[in-house]
Amino acid sequence: MNLVLLLIHGISAALLWGAVTHQAVALWWPAPRGGPGFWRSLRGVHAERYARAVAVLFVVTLGLGAILYAPFRVLVRAAYLDAHVPWATGLFEIKEHAAAIGLAVLPAYLAAWKEPQALRTRRALTTMLTLIVWFNYLVGHVVNDVKGL
Amino acid sequence: MRGKPAGFAATLGAVAGYALATLGLLPRPYFYPHLGQVSWTAVGDEPAIRWYGSIAYLLLGGVLGGLLGSRLPEPALRRLAVVVPAVTLLVLVWMERRWF
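Residue numbers (this note's numbering), protein chains in the order written: chain A, 1 to 149; chain B, 1 to 100.
Please keep in mind that the hints were generated in silico from the structure rather than gathered at the bench.
Every residue gets a Cβ at the ideal spot worked out from N, C-alpha and C, and that includes glycine.
Keep in mind that a hint or two might mislead.
[Said to hold, decoys possible] Coverage of chain B stretches by chain A, computed from C-beta distances (three or more under 8 Å per stretch; other residues unrestricted):
| no. | region |
| --- | --- |
| 1 | 22-28 |
| 2 | 37-43 |
[Stated by the list, open to error] Label pairs and their in silico Cβ distance ranges:
| no. | chain 1 | residue 1 | chain 2 | residue 2 | range |
| --- | --- | --- | --- | --- | --- |
| 3 | B | L20 | A | H84 | 31 to 39 Å |
| 4 | B | P73 | A | V74 | 41 to 49 Å |
| 5 | A | A83 | B | P73 | 49 to 57 Å |
| 6 | B | L72 | A | H46 | 25 to 33 Å |
| 7 | B | L20 | A | P32 | 40 to 48 Å |
| 8 | A | Q117 | B | V38 | 41 to 49 Å |
| 9 | B | R79 | A | P36 | 36 to 44 Å |
| 10 | A | H46 | B | Y52 | 54 to 62 Å |
| 11 | A | G34 | B | R98 | 48 to 56 Å |
| 12 | B | V93 | A | L15 | 36 to 44 Å |
Take the sequences, apply the hints, and build the full model.
Right under this line is the structure:
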């Protein structure tokens with residue numbers, strides 16, 4: 001059961017990672033829609049349409065991670081990481097804080113994407129969320145490679 | 001809770017709830033996954049999770065922030081909704097330096 005949940009958690013995280021990165025690229029480096037080429041098409045999306053999907057995927061990914069945290073705490077962290085690889089525990093603790101702050105930021109992020117005047121806030125919050133998602137995605141993989149469930 | 005200011009205020013309330021709980025300024029329960037128990041006190045060396053309690057305070061703070069904080073001026077709320085989470089995260093990262 002843990003393995004199935006871990007796989008769904010990973011898939012959800014990958015979707016979130018792709019969506020928020022795509023949105024951040026379109027926000028910082030926009031291009032006219034309908035132009036030729038892969039990169040122009042990637043930059044020319046409706047970035048605002050990603051906001052709700054990013055928020056839902058963030059909550060789903062965090063929720064699955066919270067369920068998996070209980071077996072991880074006993075079978076991985078207490079049984080191995082704390083004693084043998086403390087830096088991995090530290091990275092995971094930071095991942096927890098980053099996920100919580102990301103969850104807290106979601107209401108402001110959604111509000112900023114509805115507010116036409118809030119371009120700077122939108123850029124700041126989308127960038128923060130993108131950095132959090134990238135960090136957590138990479139740390140999740142590293143810690144799972146050190147000692148998985 | 002309505003309008004965009006409520007969203008910015010909810011973020012501030014949520015960050016405050018999480019930070020206060022994680023910094024030990026609010027009582028957080030211990031969840032013992034091995035025993036399947038919740039307690040307000042530490043049980044020996046049994047592995048415990050306190051993050052769930054912090055998340056509960058985060059959600060509570062978000063709701064309270066959204067309800068009460070939307071009366072503040074929106075430009076100030078917008079700025080605070082960016083600065084406060086970023087600074088809080090840096091402080092929380094600094095607190096974990098003992099692991100490295």
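Here is what the structure says about each hint:
Counting residues of the region 22-28 of chain B whose beta carbon lies closer than 8 Å to any beta carbon of chain A gives 1, which falls below the threshold of three, so the coverage claim is violated. Counting residues of the region 37-43 of chain B whose CB lies closer than 8 Å to any CB of chain A gives 0, so the stated coverage by that chain is violated, three being the minimum. Range check, B:L20 to A:H84: Cβ separation about 33 Å, and the 31 to 39 Å hint holds. Range check, B:P73 to A:V74: Cβ separation about 48 Å, and the 41 to 49 Å hint holds.
One distance hint, 49 to 57 Å for the beta-carbon pair A:A83 and B:P73, holds here, with the actual separation near 51 Å. Here the CB-CB span from B:L72 to A:H46 is close to 31 Å, well matched to the stated 25 to 33 Å. Roughly 47 Å separates the CB atoms of B:L20 and A:P32, a value that falls within the hinted 40 to 48 Å. Against the hinted window of 41 to 49 Å, the Cβ-Cβ separation of A:Q117 and B:V38 comes to about 45 Å, which satisfies the hint.
A C-beta distance of roughly 40 Å is found between B:R79 and A:P36, which places it inside the suggested range of 36 to 44 Å. For A:H46 paired with B:Y52, a C-beta distance near 37 Å fails the hint of 54 to 62 Å. Take A:G34 and B:R98: their Cβ atoms lie about 53 Å apart, and the range 48 to 56 Å holds. In this structure the supplied range 36 to 44 Å is violated for B:V93 paired with A:L15, their Cβ-Cβ distance being about 26 Å.
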